[in-house]
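J.: Read off the chains here:
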Amino acid sequence: MSLRLTVALLALGLVLVFWGTLAQVNLGLYKAQNDFFRSFFIYWSPAASSLRIPIFPGGYLIGWLLLINLFAAHLRYYQPGKKKYGIIMIHLGVVLLLFGQLLTDLLSRESVMHLRNGETKNYSEASRQYELAVVDTTEAATEKVVAIPVSRLHQRADIRHPELPFTVRVKTFYSNSSLVEKSVPGYGKVEISAGFGSGIWWRELPHETDTDKRDMPSGIVELLTPKGSLGSYLVSAYLTRPQVLTCDGRRYELVLRLARFYKPFNLHLMEFKHDIYPGTDIPKNFSSRVRLQRADTGEDREVLIYMNNPLRYAGETYYQASFDPDNQGTILQVVHNPSWLTPYFSCVLVGVGLLTQFLTQLVGFARKRKTS
Amino acid sequence: MNWSLSDSWSFSSRHGLALLLAAVLASGCGQDGIKVYTVPKEQQPQMSQADMPAGHPDAAAASAAPQLKWKTPDGWTELPAGQFRVASFKVADKEGKQADVSVVPLPGGAGGDLSNVNRWRSQVGQPPVTDEELKTLKQPVELAGQPAALYEQSGQNPTGEPTRILAVIQYRDGTAWFFKMTGDSQLVAQQKPVFVEFLRSVQFAIGEAMAAMPAGQAPIADGTLPAGHPDMSAAPLGAANSGVSTAGKPQWAPPAGWTEVPGGQFLVAKFTIAGAGNAQGAVNVSSSAGDGGGLVANVNRWRKQLGLGELSSDELAKSAKDIETTSGRATLVEMSGQDARSGQPASLVGVMVIQPGQAWFYKLMGDAKIVAAQKDAFTRFVQEVKY
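If you read the protein sequences in the order shown, they are chains A and B.
Per our numbering, the first sequence runs over residues 1 to 372.
Per our numbering, the second sequence runs over residues 1001 to 1387.
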């Protein structure tokens, strides 16, 4: 492994970042990120062909090669002795930085908690990923949720689970769709046998690439029990009203919704404030006063979340991200990133390494000068 | 300095690296799993609909619809609320001009004023405006006791009819409320004071924002066509090149004397037929998913093109004729009147063919003599089409 390779990889990385940044114009942020940076290769498909030809290394490949190259160089040139401590620290710092970013990419999760004034929630929602939730609402105080990720619906296979009283057969599923209430060209009639949605027409849409918008999936699922079919239901991100059904004396709700991440505590929005400079429309401060309540620990306290002052709790960080246009609700960004400290450690490590290396050289040089 | 892979890179180091790689890659898997959890019930008003019997078609829609009160203006006909609309009205004048009023709630910003106004502008053939220009378009009105901005767009819809759209977006309780009146330009202009008065009469009930549609795309049931207009060139949001391309072209043999011409994106095919003098006829072929809005709506659309009044389904049943085609039965109608565009006397022969999941419309229209001469050839043409 060589320094040349490192330079070549860094150059490729430069091209990749430039290309990937430009590609966002057409592909949108999320697709560009996945195609260019969260991939081993960038693929090109000839027109009207399903062939995928790799034409350029992707972010994962460049990152891994850099990491392996660095390890190899370190192993090759490792020599015990004080003189190399600085170099080792620099290398370790860079390795930690690369590795930390990979962990962040794989393990971090961003979601959103939208609270209206006076509202209490114990979950945040994904910004783009959906789930088909089958919710047993029979009990008075609790509900049991079986959340099926949309990736399973794509497979169009029958979905069985020990907690589900029926098999979910996916008859049709559109990752992005448009629903209308009237027959218009290009739209097909939603053919269902149960639940509401019979007067709806729909069509599949290509994936949404605009950063400000998201896909609105829809599908038809048939619920099958050993005794027979319970019917075909329309599920759609456009419908927040769940389909309601009974099975074996229990009540169930069926809803296609943004994936939820439940918390062991409640957040209650006491007040959202949008302060402006007097006599202007210029925002001065956005803040959310929330009450954090946790039953298992008895915790109950008030927290003020505002710009640059997030709430860090239970491995998650709650940032003041946005608010409702009527100033009566807040939108908190919830970031779960187990490796959030790695960039700090690696920067310190590289800094100390550079300093050590510099001082080692300086001391050595000074000694030499003295002796000569 | 030239580094190379050294022999000192021991076997155990290699294994370690491989393990590390495997561990990291493995950590990315397993995200496709089904999750099960028991959570406390949400304290939201819409949960009451769990009491509705399974499979009750309208129960959920009715129980979860946001509560909105208003005073229906004189001359407006209230229509049943739809899956997306919480209120819907029809307005018509004596001359048969029509307008549609809708109230659609969407949680979140629903794309904001600018993108929605530009979408409405595109529906009446107007160019988009910038954020700055948008400010000059705002007309202050009062909606449910709060100030709101009314946007008025006029122009022509894709079929060339003068159309006007009055729309108000009001953001309250995390929901964008769309109040919209669309229809004949003159009628909507006349109705504007009534619409403004209607907005003033609206009252929101507490807690209404909980049940509606999620944020994300702009309103979807908005800007769509009236029922049964399959071959009109007006498409809903993002639906350019719609149904026609997915349906594909069936196999047919056009008779001699028909010239195929480009029909635009909403016609599967168009043929022109030239007769003696300046006499002209044309055959339009269009297709729509499902039953395309049904026979009555489509025949009445054709009748409108000839300046004729609407028929009820009973009246239509008397005049429509069933014909046999190679792909099953079809319905043929004939009518004569005045071409609404040219003002010239014209005849029309229309055939509707229902295929599984797809309806096909064939229309021969033009000078009465040409239509009479071409009727048999047209009917044979339709009968022999293979889908």
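Heads up, some of the hints might be wrong.
Stated by the list, open to error - Calculated pairs, DSBU-like style, for lysine-lysine (alpha carbon to alpha carbon, straight line, at most 35 Å):
#	chain 1	residue 1	chain 2	residue 2
1	B	K1321	A	K284
2	A	K213	B	K1192
3	A	K189	B	K1135
4	B	K1069	A	K213
5	A	K171	B	K1386
6	A	K370	A	K213
7	A	K121	B	K1041
8	B	K1097	A	K273
9	B	K1375	A	K273
10	A	K213	A	K171
11	A	K31	B	K1094
12	B	K1321	A	K213
13	A	K227	B	K1041
14	B	K1090	B	K1386
15	A	K189	B	K1386
16	A	K144	B	K1041
17	A	K263	B	K1035
18	A	K171	B	K1318
19	A	K213	B	K1318
20	B	K1318	A	K227
21	A	K189	B	K1304
22	B	K1375	A	K189
23	B	K1035	A	K227
24	A	K189	B	K1094
25	A	K189	B	K1369
To be verified - Chain B is faced by these chain A residues, among others (derived, beta-carbon under 10 Å):
#	residue
26	Y85
27	N122
28	E139
29	P149
30	L164
31	V184
32	G186
33	E191
34	W201
35	P325
36	D326
37	S372
Think of the hints as simulated: they come from the structure by calculation, not from any bench.
For glycine and all other residues, C-beta sits at the position ideal for the given N, C-alpha and C.
J.: All hints are to be evaluated individually against the structure, with a verdict given for each.
T.: To see whether the hints hold, each was checked on the structure:
A distance of roughly 73 Å separates the Cα atoms of B:K1321 and A:K284; the hinted pair therefore is violated under the 35 Å criterion. Restraint check for A:K213 and B:K1192: the C-alpha separation of about 32 Å stays at or below 35 Å, so the hint holds. With a CA separation close to 40 Å, the supplied pair A:K189 and B:K1135 exceeds the 35 Å bound. For the proposed pair B:K1069 and A:K213, the alpha carbon gap of about 31 Å is at most 35 Å, so the pair holds.
About 28 Å separates the Cα atoms of A:K171 and B:K1386, which keeps this hinted pair within 35 Å; it holds. Of the supplied pair hints, the one linking A:K370 and A:K213 is violated, its CA atoms being roughly 68 Å apart against a limit of 35 Å. Among the hinted pairs, A:K121 with B:K1041 is consistent with the structure: their alpha-carbon atoms are about 10 Å apart, no more than 35 Å. Among the hinted pairs, B:K1097 with A:K273 is inconsistent with the structure: their alpha-carbon atoms are about 48 Å apart, more than 35 Å.
Distance restraint check for B:K1375 and A:K273: the Cα-Cα separation of roughly 72 Å exceeds the 35 Å cut-off, and the hinted pair is therefore not satisfied. At roughly 26 Å between alpha-carbon atoms, A:K213 and A:K171 fall within 35 Å of each other, so this suggested pair holds. Between A:K31 and B:K1094, the direct Cα distance comes to roughly 53 Å. Violation of the 35 Å bound is thereby established for this hinted pair. Pair hint B:K1321 plus A:K213 does not hold up; C-alpha atoms about 49 Å apart against a cutoff of 35 Å.
The straight-line distance between the Cα atoms of A:K227 and B:K1041 is roughly 30 Å, inside the 35 Å bound, and the hint therefore holds. Between the alpha carbons of B:K1090 and B:K1386 the distance comes to roughly 40 Å, so the proposed pair goes past 35 Å and is violated. Proximity of A:K189 to B:K1386 is assessed by CA-CA distance (about 23 Å); at most 35 Å being required, the pair is judged to hold. The hinted pair formed by A:K144 and B:K1041 meets the criterion: a straight-line CA distance of about 9 Å does not exceed 35 Å.
Under the criterion of a C-alpha separation no larger than 35 Å, the hint pairing A:K263 with B:K1035 is consistent with the structure, at around 14 Å. In summary, the hint linking A:K171 to B:K1318 is not supported, as the alpha carbons are separated by about 40 Å, beyond the 35 Å threshold. A threshold of 35 Å between alpha carbons decides the hint, and for A:K213 with B:K1318 the separation of about 50 Å lies outside it, so the pair is violated. Between B:K1318 and A:K227 the alpha-carbon distance is near 47 Å, which puts this suggested pair outside the 35 Å criterion.
Between A:K189 and B:K1304 the CA atoms are separated by roughly 26 Å; this keeps the pair inside 35 Å, and the hint holds. Between B:K1375 and A:K189, the direct Cα distance comes to roughly 32 Å. Compliance with the 35 Å bound is thereby established for this hinted pair. Taking the CA atoms of B:K1035 and A:K227, the gap is about 26 Å. The hint holds against a cut of 35 Å. Distance restraint check for A:K189 and B:K1094: the Cα-Cα separation of roughly 34 Å lies within the 35 Å cut-off, and the hinted pair is therefore satisfied.
Between A:K189 and B:K1369 the alpha-carbon distance is near 39 Å, which puts this suggested pair outside the 35 Å criterion. Restraint check, A:Y85 versus chain B: the minimum CB separation of about 19 Å is more than 10 Å; hint violated. A least Cβ separation of about 7 Å between A:N122 and chain B falls short of the 10 Å threshold, and the interface hint therefore holds. Taking 10 Å as the C-beta cut-off, the interface hint given for A:E139 holds, the closest approach to chain B being about 8 Å.
Proximity of A:P149 to chain B holds as hinted, the smallest CB-CB distance being about 6 Å (cut-off 10 Å). Evaluation of the A:L164 hint against chain B yields a held restraint, the C-beta minimum of about 8 Å falling below 10 Å. The interface hint given for A:V184 is met, as the beta carbon of that residue sits about 5 Å from the closest beta carbon of chain B, less than 10 Å. Of the supplied interface hints, the one on A:G186 holds, with its beta-carbon coming within about 3 Å of a beta-carbon of chain B, less than 10 Å.
The beta carbon of A:E191 comes within 9 Å of a beta carbon in chain B, closer than 10 Å, and the hint placing it at the interface holds. Against a cut-off of 10 Å between C-beta atoms, the interface hint on A:W201 holds, since the closest Cβ of chain B lies about 7 Å away. Hint status for A:P325 relative to chain B: holds, with the closest Cβ pair at about 4 Å, below 10 Å. With its C-beta approaching chain B no nearer than about 5 Å, A:D326 sits inside the 10 Å limit, and its interface hint holds.
Residue-level restraint check for A:S372 is violated (minimum Cβ-Cβ distance to chain B is 27 Å; threshold 10 Å).
Violation of the numbered hints given earlier is confined to hints 1, 3, 6, 8, 9, 11, 12, 14, 18, 19, 20, 25, 26, 37; the remaining hints are satisfied by the structure.
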